[in-house]
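A.B. asks: Heads up: the protein sequence lines correspond to chains C and U, in order. Residue 54 in numbering that gives the first Met the number 0 sits at position 55 of the first sequence, and the numbers go up by one each step. Residue 48 in numbering that gives the first Met the number 0 sits at position 49 of the second sequence, and the numbers go up by one each step.
Just so you know, these hints were derived from the structure itself, not from any lab. Glycine residues also receive a C-beta, built at the ideal position from the N, C-alpha and C atoms. Please note: incorrect hints may appear among the correct ones.
Here are the simulated DSSO-like pairs of lysine-lysine, each with C-alpha atoms no more than 27 Å apart in a straight line [claimed, not checked]: (1) C/LYS70 - C/LYS2; (2) C/LYS270 - C/LYS201; (3) C/LYS70 - U/LYS64; (4) C/LYS276 - U/LYS64; (5) U/LYS32 - C/LYS270; (6) C/LYS187 - U/LYS53; (7) C/LYS2 - C/LYS276; (8) U/LYS32 - C/LYS187; (9) C/LYS276 - U/LYS32; (10) C/LYS217 - C/LYS299; (11) C/LYS270 - C/LYS242.
Here are the simulated distance ranges between beta carbons [as the list claims (entries may be wrong)]: (12) U/ARG13 - C/ASN251: 27 to 35 Å; (13) U/SER9 - C/LYS276: 29 to 37 Å; (14) C/ASP116 - U/GLY20: 19 to 27 Å; (15) C/GLY200 - U/GLN52: 30 to 38 Å; (16) C/VAL184 - U/LYS53: 23 to 31 Å; (17) C/ALA86 - U/SER9: 17 to 25 Å; (18) U/ARG44 - C/GLY274: 17 to 25 Å; (19) U/ASP11 - C/VAL184: 31 to 39 Å; (20) C/PRO34 - U/ASN50: 46 to 54 Å.
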Amino acid sequence: MSKTGMHTLSEVSQMISDGRILMLAGDEDLLSKLPAGKWIGGTSVNFIADQGGTTDRDRIFVTDLTDRTDKVEIRAYDADTINKLGADYPANGFAAIIVPGMSGIHASFAKDVQSYDGIFNSPLIGWIAGVHLSEIGKRAPKSFAGNGVPLSDKAAVMHVTLPEDLHATVDIINLFSQGTGDAIVFDKDGFESDGDCHIAGKPVSLARYVAERGIDTKLPLVANYNGAMINVSIQSVDQDAGKVQFYAPVFNGVEYRFAEPVNDYAATFAKNLQGQKIGDVAFSCNCILNYAYAELEGKKTGTLVGPITFGEVAYMLLNQTLAYLTIQRAA
Amino acid sequence: MANELTLPPSSDPRWTSVATGKIHRPWSNLAMKIMMSRITRETARDASTANVQKCAAEIFAFFQKNLKIASDDLAAILA
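Bound conformation, chain U alone (with noise of 0.2 Å):
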């Protein structure tokens, strides 16, 4: 499944709102499962835009890293 998806680039707004929590899943990875459990509490205790833009980069570098071990939560984002 991996080398079907495309990862979508850093400015997309999808990553803000899994950044935010807007979008959440039931993660898979457990990585995913530790990195998102911390940066949803960042963002609701921070909501600027410059620490939801960070937290955003982070997830999108973790997909960008682990693109093999964490596809299904990728596909579960862009589905």
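Same shape as in the complex, but just chain C (with noise of 0.2 Å):
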């Protein structure tokens, strides 16, 4: 029987002596004491729980993968080795990651993963690790592969065999879509915006555009991926510099809008997925920056239920977004 849901330290420390097999969120002094075994896990102390958000330095936060599951190979990859991920995915499974959040090779995963070579080739899911908001800047994020050593610069992935039988699928649920706002385009990739973009076609500055216009900088820029809405947030505006710093990279020759607001995020998140067939979900994480700005302390988010992040990874970097894997029977 699964054990997903919150946990304490002693539970998720005999799970693992049982051989489950585990993806775990929590603070760094929890996860730092669990034995060695086939778990992942990545620092964080925001939760949706069962009841609801919820702040938890005394529990784990446990997505338990074992019941189906045939075999996984718990592997670490530092900013050398992270671009041959796509080598190392099962034949029929996922991979899960948890990559160290403001670490280099957080960096260099969000600017660089769909330039992996064969990076698509298998579901790919997984979160940025963080820390409490109040602790930025004290204390690193930090990631774990397979037993209580901290990784602050290393991503810990899970690559996971499934039965013949069953296939797993990534996919995400965003508010947010594109406003009617001027379309934005960036003249090169990067976490910051340090001269003129493009708005409207003309060149100008995004910082003095955003003042200009006093735009919400809680809406993320939403850029339209073939359908799928894809969220840059705005981590700072600075008006001296006439800089724009993202939590994630912006491309070169994307076209990006300011994102609609979205009243009630708790209950919007409701009412649309009620309206979606998503299966079985195994995993789903969201981001800490709906968790801070639509206040979803003590709220749902439906049924899903996951650890509270930095950035979400459904194949590249997210932000503001949920992301979910199912499990599902073949046809």
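Join these two chains into a complex; the hints should help.
C.D. replies: Set out below in structure tokens:
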């Protein structure tokens, strides 16, 4: 029986000793006390649990994959080896990745993942590990690859082989859509816009544009990737320096627009979920910005539970989005 | 549906047409949506035969590995 949900350190230690296959999210002090086994983990203290959004330093969020999994292989990748991720994919299954936030590998993964050889050849799901918002700059987010050693500069990956009659699918739920404002195109890829970009076809400083229009920077930039709405969230705007920092990279040639506002995220999410047939969700995660901006503490996101993260991975880095994995029986 | 579809060989010209955006469908699989967004930007920037072939090979490999979950998109290409 699946053990997915919030558990104490001793409960999770027992699950690992029992050989269960787990994806874990929790405070570094807890994860670093766990025994070696078939698990990967990432730091986080915010979760959407069964009872709703919660901040919890005493328990670990467990995603239990044991019952549907044939075998797993756990690897740690650094900035030099992460581009080989696709070569290690299982023949039938998926890969789950946890990248420590605000690290070098976070930046390089976000910028380059779409060009890694074979990266789309298997479902890739995961998250960017974080810390409590009050600890940004004081504690570094960490990943864990099968033991209690915290990794600040390596991504932990679990390559999961499923039985032949099962297959995995990764998808997203993004409540944001492109607004009707100007199209914004950047001249170069990156986490920052430090000069002019093209807005409605004209060279304009994004920092000045945001100030002049009074744009709410809690709203992400949204790009339309063949029908998938992909967000890039605004981290900061420095009017004096003319710089805008992002939580994910923007890409040259992609057309962005500021999002339409979403009123009452939790209620809209639940309504949105009702209209979708998303199947048997084995894992989901949602963004710390949705958690903070939409005040999700104590609120539910439909029936979906999971860690709150510094970025979601569904083949690429996402912001302000729920990413989820389903495991289904082949038709 | 996956078992009923036959994957055209890697040399099939439809793969290069997908890579350049000449064959464009409302893709349903998330990976296909993201990958095709990147590939069509890439082939628009560099339309050389070598680059288009490289991208076409990537699309072929995607369907080879993902036939179970991307059969709707393959059916759309073959339609």
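A.B. asks: Keeping to a limit of 27 Å between CA atoms, is the pair of C/LYS276 and U/LYS64 held or broken?
C.D. replies: Roughly 24 Å separates the two Cα atoms, so the pair holds.
A.B. asks: Below or equal to 27 Å on CA atoms is what counts here, so check C/LYS187 against U/LYS53.
C.D. replies: Given that 27 Å is the threshold and the Cα spacing comes to 23 Å, the pair holds.
A.B. asks: With a cut-off of 27 Å on the C-alpha distance, tell me whether C/LYS70 and C/LYS2 pass.
C.D. replies: 18 Å, holds
A.B. asks: Quick one, are C/LYS217 and C/LYS299 close enough, alpha carbons at most 27 Å?
C.D. replies: 20 Å, holds
A.B. asks: Mind checking the hinted window 46 to 54 Å against the Cβ distance between C/PRO34 and U/ASN50?
C.D. replies: The hint (46 to 54 Å, Cβ to Cβ) holds, given that C/PRO34 and U/ASN50 are roughly 49 Å apart.
A.B. asks: Given the hinted pair C/LYS276 and U/LYS32, is their Cα-Cα distance within 27 Å?
C.D. replies: Status holds; Cα separation ~19 Å.
A.B. asks: Range first: 17 to 25 Å. Now tell me if the beta carbons of C/ALA86 and U/SER9 are that far apart.
C.D. replies: 19 Å, holds
A.B. asks: Can you confirm whether the C-alpha distance between C/LYS70 and U/LYS64 stays at or below 27 Å?
C.D. replies: Satisfied, since the Cα-Cα distance of roughly 19 Å is no more than 27 Å.
A.B. asks: A range of 29 to 37 Å was offered for this pair. Does it hold for the Cβ distance of U/SER9 and C/LYS276?
C.D. replies: With Cβ atoms ~34 Å apart, the hint holds.
A.B. asks: With respect to the beta-carbon atoms only, verify the hint that U/ARG13 and C/ASN251 lie 27 to 35 Å apart.
C.D. replies: Holds, since U/ARG13 and C/ASN251 (Cβ atoms, about 28 Å apart) stay within the stated range.
A.B. asks: For a C-alpha distance cap of 27 Å, please report whether C/LYS270 and C/LYS201 respect it.
C.D. replies: Since the Cα atoms of C/LYS270 and C/LYS201 sit roughly 39 Å apart, the hinted pair is violated (cutoff 27 Å).
A.B. asks: Lying within 31 to 39 Å: is that true of the beta-carbon distance U/ASP11 to C/VAL184?
C.D. replies: With a Cβ separation near 34 Å, U/ASP11 and C/VAL184 satisfy 31 to 39 Å, so the hint holds.
In this structure, the hints that do not hold are numbers 2, 11 and 18, in rising order.
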